[in-house]
Amino acid sequence: MTRLLEIRDNIKVLFSKYDVFVIPVLKFLLALIMLIMINGKLGYMSKLCNPGIVIIVSLACSFLPAGAILLFGSLFSMGHVFALSPEVAIVVAVVFLLIYLLYLRFTPSESLCIVITPMLFVFHVPYVIPVVMGLIGGPASALSVICGVIIYFTLHVVTQNAANVSGDLSDIMGQIKLIIDSLLGNKQMIVLIAAFAIVTIAVYVIRRLPIEHCWTIAMVSGAVLCMVITLIGGLVTNAGFSIIGIIFGCILAVGVGKVIEFFKFCVDYTRTERVQFEDDEYYYYVKAVPKMNVAAPDRKVKNINRSYAKRPVRPVKAGPAPMDTAPMDTAEMDTTELDSSYFGDTSNLDE
Amino acid sequence: MLDKDRVILMTRMASYEEGDGKKHMNVVRFFKGDYIAVGILKALICSSLSFALILALYVYYNFDVFMSSIYDMDILEFVKGILIKYAWFVGIYVMITYVVCTITYNSSRRKLKRYFKNLRVLKKMYDRQ
Chain A
27 MTRLLEIRDN
37 IKVLFSKYDV
47 FVIPVLKFLL
57 ALIMLIMING
67 KLGYMSKLCN
77 PGIVIIVSLA
87 CSFLPAGAIL
97 LFGSLFSMGH
107 VFALSPEVAI
117 VVAVVFLLIY
127 LLYLRFTPSE
137 SLCIVITPML
147 FVFHVPYVIP
157 VVMGLIGGPA
167 SALSVICGVI
177 IYFTLHVVTQ
187 NAANVSGDLS
197 DIMGQIKLII
207 DSLLGNKQMI
217 VLIAAFAIVT
227 IAVYVIRRLP
237 IEHCWTIAMV
247 SGAVLCMVIT
257 LIGGLVTNAG
267 FSIIGIIFGC
277 ILAVGVGKVI
287 EFFKFCVDYT
297 RTERVQFEDD
307 EYYYYVKAVP
317 KMNVAAPDRK
327 VKNINRSYAK
337 RPVRPVKAGP
347 APMDTAPMDT
357 AEMDTTELDS
367 SYFGDTSNLD
377 E
Chain B
13 MLDKDRVILM
23 TRMASYEEGD
33 GKKHMNVVRF
43 FKGDYIAVGI
53 LKALICSSLS
63 FALILALYVY
73 YNFDVFMSSI
83 YDMDILEFVK
93 GILIKYAWFV
103 GIYVMITYVV
113 CTITYNSSRR
123 KLKRYFKNLR
133 VLKKMYDRQ
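Just so you know, the sequences run in chain order A and B. In terms of the numbering used here, the first sequence opens at residue 27 and continues consecutively. In terms of the numbering used here, the second sequence opens at residue 13 and continues consecutively.
Because the hints were derived from the structure by calculation, they are not lab data. These figures come from a predicted structure and were not determined experimentally. Beta carbons are placed, not taken as given, at the ideal position from N, Cα and C, and that holds for glycine. Possibly wrong hints are sitting among the right ones.
Stated by the list, open to error - Straight-line C-alpha distance at most 27 Å; calculated BS3-like pairs for lysine-lysine:
#, chain 1, residue 1, chain 2, residue 2
1, B, Lys-54, B, Lys-34
2, B, Lys-97, A, Lys-203
3, B, Lys-16, A, Lys-38
4, B, Lys-34, A, Lys-43
5, A, Lys-326, A, Lys-284
To be verified - Which bits of chain B does chain A cover? Going by a derived footprint, with three or more residues having C-beta under 8 Å, they are:
#, region
6, 54-61
7, 73-79
So here's chain B without its partners, still in its complex pose (with noise of 0.2 Å):
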């Protein structure tokens, strides 16, 4: 006979790994610590990226200044003031980047928790019939 509890924790529990389930699964996978680590680089990659295109965007716009006052212009502390720049910035990016993989981790993992919960739930379901 149909137990109908058992069948509601399984459409859950099924739309869970169609949905997030999937997701969690992929995020969990991965220790803590090797997640972040991979996230915090591709955030390297992404915020260094994105500096150069700035910069180039920057570079292009004032392109006849620099033209005009290259031979003036102090290049060590021009590149020195960039690096300060993009320090900050690839700093901020990745400060951010840390946090929302650790949120997203811990998330994931505490919702994962619920699923082999409910996963237990419903094999003693199985053993009580």
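Okay, chain A solo, but in the shape it has when bound (with noise of 0.2 Å):
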């Protein structure tokens, strides 16, 4: 455990010494990873599948704020379904403009949750996302975490139906009626999102509350409230989940917490303290947990030789010149007249 404590705190002081790198390059990883996904799963657009371009918008959201990679995303999500139908990127449009004008605007810094989220999907795990901002965020997480399903859905909506969305341009209305019907009758969606939510408030109000373990409590007591709302709401409503998938997800999902716990929360119950005191107007009765801090060893190499040209130099002994130049084995060197100063005071060594 002490291992672990000095490995989190030697990334902690990385981190914080070259955080002026380490978030661009953190952004830029981001934005890349979110573009290709946006290219691979929709890719209609040929145009913003060049490498080029993905690199270029990438670089751009290393600098520019957080919310840029939402922008961009969302801009590159609409190149492709514009591509692929004008009329549904009209859809698309639509759900992108009221999640910034109704819940996006009053937090920006959200954005971040929102580009995640359905990355997530894509890897198949989006079961981390509600226990992780429950964690880390607050209850209006979980508005967040319902943006990102959203959106993940609208998109993944259109890629199921683009077959039957790009060919026949006549029934303009035919094709927005099945986007919109597949999106609001998708049953896999609804229940995710109350799962999501619900999970995500029960996480941060068990994580607050002042009880011991109370964030090991909250991840598991999310994962397993997940769990079971998908479960149930995928056998009620046969929305067809991956039962497997949910599991692994869960419990990935605390894997991911413990994490975050390690880095952001690690203290020691063992050490807690409690005291009483009282003022004027009150009587306080405190809980003190310490925290969990190993001092980093502070390694200093010090060279304790003299550099070369400051050695003695060996007297030169009276006698016969040497027969040749072959190297001197040092076990042969005799160290008799080496001035004493070289090894410092050596007479307690004696005793």
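Assembling the complex is the task here: the two chains are given apart, and the hints tell you how they should meet.
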């Protein structure tokens, strides 16, 4: 555990030392992965699939605010859908606009959650996000998770019905009806919206409770709750969830939650202190739980040898000149004549 | 000589100024009433725009139904129904905005108060030196 704590502290120190470089690199990677995913899943506009454009946009995202990642992601998505069917692109644009107008303008910092949620859907582990957002966010994060779920299913419905909406240009109304019906009648989406909203709020509430191991209890109960709601919802609505996927996703959610807990809330409950005191107006019952901290070893390599140039020169002994110039074996060196100051005071070593 | 406490305090304050401080300054430079009024005005515009988008999509979705029953339907009743829904939609959204703006303003003010208190502590540290 001590070793892990040391590694954690080292990571924190490194991150804070090089955050000027680390944050843009992380933003670049996130934008790059997102754009590659969008191009892979949608990919109807060949110009947007150009790697040069993807890299340039990702680079732009690396120094722009985090909200730019969502903006470029939505522009790329709309571009692809527009190439497929301009009428369907209107529906997608309305969804994005509604999310921005009604929610995102309050909390632009939550835009990363909206970006990451659809990405986790693509990786088949969306169950991680409500637990994580419950741990690191607030109750309003439930709305961000819901927005992410809606965006994923909107694009998913478009890809599922791509063959139907791209062919017949005469039936514009039919195309839009098909997309809206598929979206509103998507049972998986409805079940996941309900499950994720409840889980995010439940994890947040449990995490804030003044009980020991509240983070662990929160993440485990959140994962179990997510599993139960999704399984029951899937059975009732016949939404067709993968049971193994749900179980694996929830276990992974606990794993990711433990990692976050290790970095954000690592406390030692065995050293909990309870103190009680009073002032003129109140009695105070204080419970103090110390954080687990290890002083990172500050290793400094000190060179105790003098530089070669400053070494005392061995006095030349009178005697026969050496026969050859072969390197001398150090074991045969006569050190009796060496200056005693070279080793410092060695009198105590003799005892 | 370097005063460790002063350096720590200054670092924290500089970090706050660079991060949330700017946001909080932007909030608190208004009076509370003005800030909430501006928020509500923006909310009115955004919610009206959102309602218009939803309505447009609804009409677009049911276009053939509207076309077939345009002469039979009671336009006045239809418009009245839409206006009532609009009032509900905007009303609820404005209420939520009011609560969010109030919480944001109070929180920003509290944090800025703490910042100014730290400024006074810093000044005292300099005076003591």
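Hint-by-hint comparison with the structure:
1. With a C-alpha separation of about 21 Å, the suggested pairing of B:Lys-54 with B:Lys-34 holds against the 27 Å cut-off.
2. Taking the CA atoms of B:Lys-97 and A:Lys-203, the gap is near 22 Å; set against the 27 Å cutoff, the hint holds.
3. Between B:Lys-16 and A:Lys-38 the CA atoms are separated by roughly 22 Å; this keeps the pair inside 27 Å, and the hint holds.
4. Between B:Lys-34 and A:Lys-43 the CA atoms are separated by roughly 23 Å; this keeps the pair inside 27 Å, and the hint holds.
5. Straight-line distance between C-alpha atoms of A:Lys-326 and A:Lys-284 comes to about 33 Å, which puts the hinted pair past the 27 Å bound.
6. Here the region 54-61 of chain B counts 4 residues with a CB under 8 Å from a CB of chain A, which clears the bar of 3, and the coverage holds.
7. Counting residues of the region 73-79 of chain B whose beta-carbon sits less than 8 Å from any beta-carbon of chain A gives 3, enough to reach three: the coverage restraint holds.
The structure does not agree with numbered hint 5 stated previously, though it agrees with all others.
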